[in-house]
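Enquirer: The hints should help you fit chain B onto chain A, whose structure is shown.
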Amino acid sequence: MATFRLRVVTPERTVLDRAVQEILTRSVEGELGVLPRHMPLITPLVANALTVYVEDQSPFHVAVAGGFLEVNEREVLVLADSAELPEDIDVARAESARNRAQSRLEQGGEEVDVARAKRALARAESRLAAVDPGRARGAPSVSSK
Amino acid sequence: MAGGGLQALRRRIRSVQNTAQITRAMKMVAGAKLRRAETRAKNAHDYFDAIQAITAHAVAGTALQHPLLVERQVKTAAMLVISSDRGLAGPYNASVLRQAVQHMRSRSEHNHVVMVVGRKGRDFFRFRGQRLLDEFVNLGDEPTYRQARVIADAITGHYLEETVDVVYLTYMKYINAMTQTPRTIRLLPVDRPEQEPSSSATHYLFEPEAEEVFEDLLPRYLEVIVYGALLDSKASEQGARMMAMDSASKNAEELIRKMILERNRLRQAAITREIAELVGGAEALT
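In the order they appear, the protein sequences are chains A and B. All residue numbers for the first sequence refer to my numbering, where the first residue is 1 and numbers rise by one. All residue numbers for the second sequence refer to my numbering, where the first residue is 1001 and numbers rise by one.
Since the hints were derived computationally from the structure, they do not count as laboratory data. Small disclaimer: the values here were computed from a predicted structure and weren't measured. Each hint should be verified, as a subset may be incorrect.
Below are the SDA-like pairs computed for lysine to any residue, each with C-alpha atoms no more than 25 Å apart in a straight line [unchecked claim]:
{"hint": "1", "chain 1": "B", "residue 1": "1042", "chain 2": "A", "residue 2": "88"}
{"hint": "2", "chain 1": "B", "residue 1": "1042", "chain 2": "A", "residue 2": "87"}
{"hint": "3", "chain 1": "A", "residue 1": "118", "chain 2": "B", "residue 2": "1146"}
{"hint": "4", "chain 1": "B", "residue 1": "1042", "chain 2": "A", "residue 2": "118"}
{"hint": "5", "chain 1": "B", "residue 1": "1033", "chain 2": "A", "residue 2": "12"}
{"hint": "6", "chain 1": "B", "residue 1": "1042", "chain 2": "A", "residue 2": "81"}
{"hint": "7", "chain 1": "B", "residue 1": "1042", "chain 2": "A", "residue 2": "13"}
Only part of the chain B face toward chain A is listed, based on derived beta-carbon distances under 10 Å [said to hold, decoys possible]:
{"hint": "8", "residue": "1090"}
{"hint": "9", "residue": "1127"}
{"hint": "10", "residue": "1129"}
{"hint": "11", "residue": "1145"}
{"hint": "12", "residue": "1212"}
{"hint": "13", "residue": "1231"}
Don't be surprised by glycine CBs; every beta carbon is placed ideally from N, CA and C.
The following block holds chain B by itself, in its conformation from the complex:
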C-alpha cells in the first residue's frame, strides 16, 4: 500500500532531475561555444568596420556607376535570412524569422524570394510555402570566410542576372550574452553613403582605375558583411541557447524542489497511516 501516487511522483522527480542534468550540460557547452564565437565576432569587427569605411570612402569619392551600385526599379526583393541549424535556443530563431516576415509584409508591393541560412529557417519557410531561392545548411559552429563567400557569390549572381532587384539581410545582431536584436539591412545595391561633411573634400586616387578597384572591392565588401553577420548570428545563437538552458535548469530545480516537498509530505502521510493501522489492529486484538 506504498501509495501509487508516491511511486509516480518519485519517478517524475528522477525524470526531471535527468532533464535538468542535460539542460545544465547544454548550458555549459553553449557557454564555451559562446566565448569562442564572441571572440571571433569581436576580432572580425575591426576588419568589418575598415572595409565598410573603405567602401564608403570609395563610393562617395566617385560618381562612377557599377552594376552593384545601380538602383533598379524593384519588382522582386530577396531576403537573406540567417537562422540556426539547431533548436533549443530560446526565442532565437523565432525572433529572426518574425523580423524577416514583418519586413516582407511591410513591403508587400514587391515579390519576395527567400534565401536562407540554417535548417530552422529553411523548415519555417518551407512549411509556409515560401519560395526558396537558395538554402545553406549545416554551416557548423564556426562559420568560415569561405562559406560567406559562397553565400555572397550566390547573392551577387542573382542580382546581376536580375532575378532579384534588391537584397535585404536579416540576422541577429549580437550585443552581449543576454541581449541580441534582430536586424535587417540592405545588402544590394550597395548604399551610397551621405557625404560625410568633414571629409567631403577628400579625393581618393584609385590605382588602377576606379572601375577596376570597384570590381575587386564591392564583391569583397559583400562577403565581409555576410561573414560578419554569420559570426554575429552564431554568437547570438549560443548566447540565446545559454540563456534558455539556464532558465530551463532553474525551472527544473524549482520543480524538483516542489516535488520533493510533496513527496516528503506523501511519505509522511503513508507512515502515519500505517502507524494508525497498526495501532488499530493491535487494539482490535486485545
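Pulled out of the complex, with its shape left as it was, chain A reads as follows:
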C-alpha cells in the first residue's frame, strides 16, 4: 500500500518522522483523515489523539496538543505545541490534570477561565486517549486492520 512521510514536530523536538499509510486526527472543523496523495492543505488542529496507521504493525496514537497540519506534495507535517507517544505519557499526571480541569469547569464562577480550562481538559483527554483509546470519550477507536 502507498505510504507518505509523516513528521510530527514540537518546539522541544521531532517526535515522529516516518512513512505511514494513513492518519486520523481532529482539526478545528472536525475529524480529518489523510491518505497518500491528499491535496495540499493547511488547517489548525485541536488537542486530540492522532491515530497513525503503518504497514505491518498495529496502529498507534500520538497525543497532540493543538497546532497545525500541513499537507504538501512531499510530506504531511504536524506542527504541535506539544506531542507525545503513548510510552512517554505520564498517565497519573494527565488524569489529575483532567480532574482539575473538570472540577474547575463544574465549579464555574467569574474567576474561572473557561476557555483555558476547556483546552486543558482537551489536552489531558487527548493524552489519556493516546494511552488507552477506550477510556476517553469521543476518541477515534482503533481497530486492527
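Expert: Same frame as chain A, but now just chain B:
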C-alpha cells in the same frame, strides 16, 4: 629585610591564582550550560523551519490581507533587542547592541523605540536615554515558550495599536561555540516571500477559511521566531562566556608564570645579598 617587593609579588600571585580559579570554574559552568542550550536550540530548529515553511506556503498561496501582513507607511520603527542578563560574556552584549544601534542609525528617517530582553541591553539603552517600550529581564538560563509568547504578544499589541509600524529583531545567531554573529531580521509585517518557482503551482486548501487559519498561524509564527531567537541567543551567550573565560584563564596562567619567574629571581637575589652581608660581616670581625 625580606624585600617589600617580594612580599607584594607573592600576594599578587595568590590573588591572580584565585581569580584564575574563578574564571576556570565559570568556564566549566558556561560549557555545561552551553551544551544544554545548544541541544535546545538544535531541537527547536526543525519546528522553526517547519513553521517558517508553512507560513511561507500559506502567505504565498493567497492574496489575502491580514493586519499582520499589511505594509504601512513607516513612522515609528521598533527594535526588539535580545541581550543577556549577566555580563562576563566577552563581546557578546557589546556586539548585539552595536548591531542594533547601527541598524537604527542606518534608518534614521524613522522614529525608533526599543523593546529589550536582558538586563545588559536595558541598562545600555537607559544610559543612552533611549525610550524603552518594553523590557523583559531575568529570563533565566532556559528560556521557555511561554516567555516567548509574552514577548510576541507585546509586539503584536504595539503593532496592531499602530504604536509602531515595523518591528525588527536583533539577536545573536548561534553558529558554534566559537562563532556567533549578530543578526537583524524583520518581524512585522510578516514578509511575503517571493514565489518559489518550483512550487508556485501549489494551491493550498485552507480549512476553515484562510482568514481564520491566518488568525491562528501568524501569531504563532511570531512566537516561534522569538522563541528560536531566545534559544539561539542563550546558546550564543554561553558560548561567548565560555570563550571569554577560557582566554581569561589562559591569560591568568601566563601572568602567573611570569610572576613566579620574577618572584624566584627576587628571592634568589635576596639570598645572594644575605650571603654577601654575612660574608662581609664575618670579614669585618676577623
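Enquirer: Could you run down the list of hints and mark each one as holding or not?
Expert: Here is what the structure says about each hint:
The hinted pair formed by residue 1042 of chain B and residue 88 of chain A meets the criterion: a straight-line CA distance of about 21 Å does not exceed 25 Å. A threshold of 25 Å between alpha carbons decides the hint, and for residue 1042 of chain B with residue 87 of chain A the separation of about 24 Å falls inside it, so the pair holds. A hinted pair counts as satisfied when its Cα atoms are at most 25 Å apart, and residue 118 of chain A with residue 1146 of chain B qualifies at roughly 19 Å. Distance hint between residue 1042 of chain B and residue 118 of chain A is unfulfilled; the C-alpha atoms sit about 32 Å from each other, more than 25 Å.
For the hint linking residue 1033 of chain B to residue 12 of chain A, the alpha-carbon distance of about 17 Å falls within 25 Å, and the restraint holds. For the suggested pair residue 1042 of chain B and residue 81 of chain A, the alpha carbons sit about 17 Å apart, so the restraint of at most 25 Å is met. This hinted pair checks out: residue 1042 of chain B and residue 13 of chain A have alpha carbons roughly 9 Å apart, not beyond 25 Å. Nearest Cβ of chain A to the Cβ of residue 1090 of chain B: about 28 Å, over the 10 Å cut. The hint is violated.
For residue 1127 of chain B, the interface hint is violated, the least distance from its beta-carbon to any beta-carbon of chain A being 34 Å, above 10 Å. The interface hint given for residue 1129 of chain B is broken, as the beta carbon of that residue sits about 37 Å from the closest beta carbon of chain A, more than 10 Å. Hint status for residue 1145 of chain B relative to chain A: holds, with the closest Cβ pair at about 5 Å, below 10 Å. Satisfaction of the interface hint for residue 1212 of chain B is found here, the shortest Cβ-Cβ separation to chain A being roughly 8 Å, below the 10 Å cut-off.
A cut of 10 Å between beta carbons decides the hint on residue 1231 of chain B: the least distance to chain A is about 9 Å, and the hint holds.
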